[in-house]
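S.K.: One line per chain: the protein sequences are A and B, in this order. Residue 89 in our numbering is what sits at position 89 of the first sequence, and the numbering runs on without skipping anything. Residue 258 in our numbering is what sits at position 258 of the second sequence, and the numbering runs on without skipping anything.
Please note: incorrect hints may appear among the correct ones.
Unchecked claim - Subject to a maximum C-alpha distance of 20 angstroms in a straight line, what follows is the list of computed DMTMM-like cross-link-like pairs (lysine to aspartate or glutamate): (1) A:LYS314 to A:ASP130; (2) A:LYS289 to B:ASP271; (3) B:LYS48 to B:ASP68; (4) B:LYS375 to A:ASP219; (5) B:LYS48 to B:GLU10; (6) A:LYS314 to A:ASP214; (7) A:LYS314 to A:ASP219; (8) A:LYS314 to A:GLU153; (9) B:LYS322 to A:ASP331; (10) B:LYS275 to A:GLU328; (11) B:LYS375 to A:ASP155; (12) A:LYS138 to A:ASP266; (13) B:LYS322 to B:ASP271; (14) B:LYS112 to B:ASP234; (15) B:LYS183 to B:ASP234; (16) B:LYS322 to B:ASP234; (17) B:LYS375 to A:ASP144; (18) A:LYS289 to B:GLU263; (19) A:LYS292 to A:GLU153; (20) B:LYS275 to A:GLU271; (21) B:LYS275 to A:ASP219; (22) B:LYS17 to B:ASP2; (23) B:LYS183 to B:GLU15.
The set of hints was computed from the structure by calculation and includes no laboratory data.
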Amino acid sequence: MNFDLSEDQEALRDGIRSLCEGRFTSERVRAGFDRTMYDELDATGVFSLRRDGFGWADTGIAFQELGRALVPGPLVWTNLAHGLQGVEGVTTGIDLLSSPVSIVTDSDEPDSTEPGNANRVMVEFGAHADSLVGLTEKGIVRFDLDHVHSSPELDWPLDPLTPVSVLERLPASELIAESALAAVWRLCGAVLTSAYQVGMAQAAVETATAYALDRHQFDRPIGSFQAVKHLLADMAVRAEVARAAVDAAAVTLDSTLGERSDFGNDEIPAEVVRVVAGSRLLAGEAALKNAKGSLQVHGGMGFTWEVDVHLYLKRAWMLNTVFGTPVENADALAASLR
Amino acid sequence: MDLRYSAADELFRDELKEWLAAALSEIDPAPDRDDWSARVDFDTSWQKKLFDGGYAGMNWPREYGGRDASPSEQMVFLEETTRARAPYVGVNFVGTLHAGPTLVAEGTDQQKTEHLPRILRGDEVWCQCFSEPGAGSDLAGLSTRAVRDGDHYVVNGRKTWCSFGHVGEFGELLVRTDPDAPKHRGITWLVLPMDLPGIEVRPIETLLGSSEFCEVYLDDVRVPIENRVGEENDGWRVTNVTLAFERGTAFVTEMIDALQMAEELAPSLTDNSDKRELAHVVAELDALWALTKRNVSQAAHRGLPGPGAMMLKLAYSEAREKLGEICMRVLNRQGFDIHNPLVEERLRTLSIPIAAGTSQIQRNIIGERLLNLPKERPWVVSGK
Numbered sequence: 001m002n003f004d005l006s007e008d009q010e011a012l013r014d015g016i017r018s019l020c021e022g023r024f025t026s027e028r029v030r031a032g033f034d035r036t037m038y039d040e041l042d043a044t045g046v047f048s049l050r051r052d053g054f055g056w057a058d059t060g061i062a063f064q065e066l067g068r069a070l071v072p073g074p075l076v077w078t079n080l081a082h083g084l085q086g087v088e089g090v091t092t093g094i095d096l097l098s099s100p101v102s103i104v105t106d107s108d109e110p111d112s113t114e115p116g117n118a119n120r121v122m123v124e125f126g127a128h129a130d131s132l133v134g135l136t137e138k139g140i141v142r143f144d145l146d147h148v149h150s151s152p153e154l155d156w157p158l159d160p161l162t163p164v165s166v167l168e169r170l171p172a173s174e175l176i177a178e179s180a181l182a183a184v185w186r187l188c189g190a191v192l193t194s195a196y197q198v199g200m201a202q203a204a205v206e207t208a209t210a211y212a213l214d215r216h217q218f219d220r221p222i223g224s225f226q227a228v229k230h231l232l233a234d235m236a237v238r239a240e241v242a243r244a245a246v247d248a249a250a251v252t253l254d255s256t257l258g259e260r261s262d263f264g265n266d267e268i269p270a271e272v273v274r275v276v277a278g279s280r281l282l283a284g285e286a287a288l289k290n291a292k293g294s295l296q297v298h299g300g301m302g303f304t305w306e307v308d309v310h311l312y313l314k315r316a317w318m319l320n321t322v323f324g325t326p327v328e329n330a331d332a333l334a335a336s337l338r
Numbered sequence: 001m002d003l004r005y006s007a008a009d010e011l012f013r014d015e016l017k018e019w020l021a022a023a024l025s026e027i028d029p030a031p032d033r034d035d036w037s038a039r040v041d042f043d044t045s046w047q048k049k050l051f052d053g054g055y056a057g058m059n060w061p062r063e064y065g066g067r068d069a070s071p072s073e074q075m076v077f078l079e080e081t082t083r084a085r086a087p088y089v090g091v092n093f094v095g096t097l098h099a100g101p102t103l104v105a106e107g108t109d110q111q112k113t114e115h116l117p118r119i120l121r122g123d124e125v126w127c128q129c130f131s132e133p134g135a136g137s138d139l140a141g142l143s144t145r146a147v148r149d150g151d152h153y154v155v156n157g158r159k160t161w162c163s164f165g166h167v168g169e170f171g172e173l174l175v176r177t178d179p180d181a182p183k184h185r186g187i188t189w190l191v192l193p194m195d196l197p198g199i200e201v202r203p204i205e206t207l208l209g210s211s212e213f214c215e216v217y218l219d220d221v222r223v224p225i226e227n228r229v230g231e232e233n234d235g236w237r238v239t240n241v242t243l244a245f246e247r248g249t250a251f252v253t254e255m256i257d258a259l260q261m262a263e264e265l266a267p268s269l270t271d272n273s274d275k276r277e278l279a280h281v282v283a284e285l286d287a288l289w290a291l292t293k294r295n296v297s298q299a300a301h302r303g304l305p306g307p308g309a310m311m312l313k314l315a316y317s318e319a320r321e322k323l324g325e326i327c328m329r330v331l332n333r334q335g336f337d338i339h340n341p342l343v344e345e346r347l348r349t350l351s352i353p354i355a356a357g358t359s360q361i362q363r364n365i366i367g368e369r370l371l372n373l374p375k376e377r378p379w380v381v382s383g384k
């Protein structure tokens, strides 16, 4: 048992961090997702860490840094899809290694009994994806892209950095991998999304603390007031506790999966469900509450378009709909306690 | 990063489990909470059993009777003793988790030899004499005075919230030795033999209707100079060593205990919102256990625990509060009986956000020492 980062893991973290600080500055990130950004990320190897011999814990560390910089794109989905390469029995029919991939989960299935478009299917990065995959009861499916690319995009998506295609119905699909692999995708996708959110929560602590030191009112930095200081302390605790949860979940995935890509016909161990759902709950909460905390510390500036705070908050909301909502994750954790 | 235990750790676990099963079958049922002489016997004889089995002072040096165990063995020990429902540290709390670690870090050779093995054997019960009626959160504002008189300090003052004051044979005592120095620089840490003339102990009845805290009145108490731990007027630094142990590790046992309690509560819940709230608490406690492992790993490999050590107590307080409220809701009218263990726990745990630095003080510490935010300006009486 050694739950400290290894030297290699620290180097990985620092490497991705300096990459983000150099290339994915606030200005660049605010320009939104594009192919160049995707290619640069791909070139760093963040999508293929697993194939290059890194574990989920390492991948999680990299995703914490991507989240800290709020790097846009279908990052988690692309990383998962890259893991399909070489998996026995999987025929993707596309070159995933050079394609952004977006995804819809089975919870996006429109309810056919609902009239009108109340249940439009929202697909992040749908218009930019070379491939659209989904998780269903049966397994991982690939959707027909023509329908996706011909569907309109929201002119004002909640998060300006996450374009959203609006589909009237789910397009036709073909099964590309069995349910055992889909089950593992749910777990790994949950951990990577959570890792990204922990990075977002950490960024909120850092920017809000810097602002509280810089901003003066009543002739002193507002960070000296306990009302503000305590808000920041709670944010710091939330980020650090969520980080421990996410790292523990990633490490548990590594140790229970080992070399395998799925659990086969075995039931997913309750300890894995518990630690993954727990990390999802805490990271989702940390990203959301810390973004709101940061908004509060920034005062009026936090309510502007100019300051990045709203981008973190909006992303936190969006990400809390993927790989299990908070309620679904709480239910999964509760069920694992039986 | 790896949470798995090595084969050697698992071997240690097996030995420990076997030992625990045998040792626990030999002990009497826990005594009534108000029968203090029975409680002292019960807690100290368990401590002696641990010592004889080689499991006392897991992280203490061998030369003073400890085991000098690896971080993973310490974690295994905490996991297995909780799972086996071994007796809680009880009256050995201050000795094993507070004063003892402070002596290990700061004591003289003579102090270590004299006290450490006896603490580990359950031969010595300690109490804490830190807080005063006028010095709670502002502990450094304490006014109990110690004046040098030959080879003694003559101590006068009044201490409060002394854990186990009525059963302790030694106290960890903070006194002011230089009233003219800035408040943090005039404090000294002393070992107080509780049988010295001039000491009067009065129990405090808490909202549980019981008394594990006392007031201690000190009237011309003569404490030998060799009882000083650290240098004269350097007691605040020594105190922070003590408090770091208290905030960093002393809560770990009850944290795992809370996790076990939450797991046991889970099957009895029927309401979905209760289940989800409990799931949240379990997620938090699981994460705090992981954070504890991180702190212990970092302390072992880097010599210093990471930022998580400062956060553990605050985060645990919050999780425990939620767990306690779920319990009261689930008990409903069965909770009218204070002898119900869950009710007693709910009442006892009201002290957690207050003891060892209130949650508000913890937030100041995190804000000022970790985030480097400035202190709030000193209060000035208006018009002056």
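S.K.: Please go over all the hints and tell whether each is borne out by the structure.
M.R.: Consistency of the hints with the structure:
For the hint pairing A:LYS314 with A:ASP130, the CA-to-CA distance comes to about 25 angstroms; that exceeds 20 angstroms, so the pair is violated. For the hint pairing A:LYS289 with B:ASP271, the CA-to-CA distance comes to about 26 angstroms; that exceeds 20 angstroms, so the pair is violated. Between B:LYS48 and B:ASP68 the alpha-carbon distance is near 18 angstroms, which keeps this suggested pair within the 20 angstroms criterion. Taken as a hint, the B:LYS375 and A:ASP219 pair is honoured in the structure, with Cα atoms around 14 angstroms apart against an allowance of 20 angstroms.
Annotation: proposed proximity of B:LYS48 to B:GLU10 is violated, straight-line Cα distance about 25 angstroms (limit 20 angstroms). A hinted pair counts as satisfied when its Cα atoms are at most 20 angstroms apart, and A:LYS314 with A:ASP214 does not qualify at roughly 25 angstroms. A distance of roughly 33 angstroms separates the Cα atoms of A:LYS314 and A:ASP219; the hinted pair therefore is violated under the 20 angstroms criterion. Restraint check for A:LYS314 and A:GLU153: satisfied, since their Cα atoms lie roughly 18 angstroms apart, inside the 20 angstroms limit.
Of the pairs offered as hints, the one joining B:LYS322 and A:ASP331 holds, with about 18 angstroms between alpha carbons and a cut-off of 20 angstroms not exceeded. At roughly 12 angstroms between alpha-carbon atoms, B:LYS275 and A:GLU328 fall within 20 angstroms of each other, so this suggested pair holds. A threshold of 20 angstroms between alpha carbons decides the hint, and for B:LYS375 with A:ASP155 the separation of about 47 angstroms lies outside it, so the pair is violated. With a C-alpha separation of about 16 angstroms, the suggested pair A:LYS138 and A:ASP266 falls inside the 20 angstroms cut-off, and the hint holds.
About 16 angstroms separates the Cα atoms of B:LYS322 and B:ASP271, which keeps this hinted pair within 20 angstroms; it holds. Pair hint B:LYS112 plus B:ASP234 holds up; C-alpha atoms about 19 angstroms apart against a cutoff of 20 angstroms. Straight-line distance between C-alpha atoms of B:LYS183 and B:ASP234 comes to about 11 angstroms, which keeps the hinted pair within the 20 angstroms bound. Taken as a hint, the B:LYS322 and B:ASP234 pair is broken in the structure, with Cα atoms around 39 angstroms apart against an allowance of 20 angstroms.
Distance restraint check for B:LYS375 and A:ASP144: the Cα-Cα separation of roughly 60 angstroms exceeds the 20 angstroms cut-off, and the hinted pair is therefore not satisfied. A distance of roughly 27 angstroms separates the Cα atoms of A:LYS289 and B:GLU263; the hinted pair therefore is violated under the 20 angstroms criterion. Distance restraint check for A:LYS292 and A:GLU153: the Cα-Cα separation of roughly 27 angstroms exceeds the 20 angstroms cut-off, and the hinted pair is therefore not satisfied. Using a Cα cut-off of 20 angstroms, the hinted pair B:LYS275 and A:GLU271 holds, with the two alpha carbons roughly 17 angstroms apart.
Between the alpha carbons of B:LYS275 and A:ASP219 the distance comes to roughly 48 angstroms, so the proposed pair goes past 20 angstroms and is violated. Of the supplied pair hints, the one linking B:LYS17 and B:ASP2 is violated, its CA atoms being roughly 23 angstroms apart against a limit of 20 angstroms. With a C-alpha separation of about 50 angstroms, the suggested pairing of B:LYS183 with B:GLU15 is violated against the 20 angstroms cut-off.
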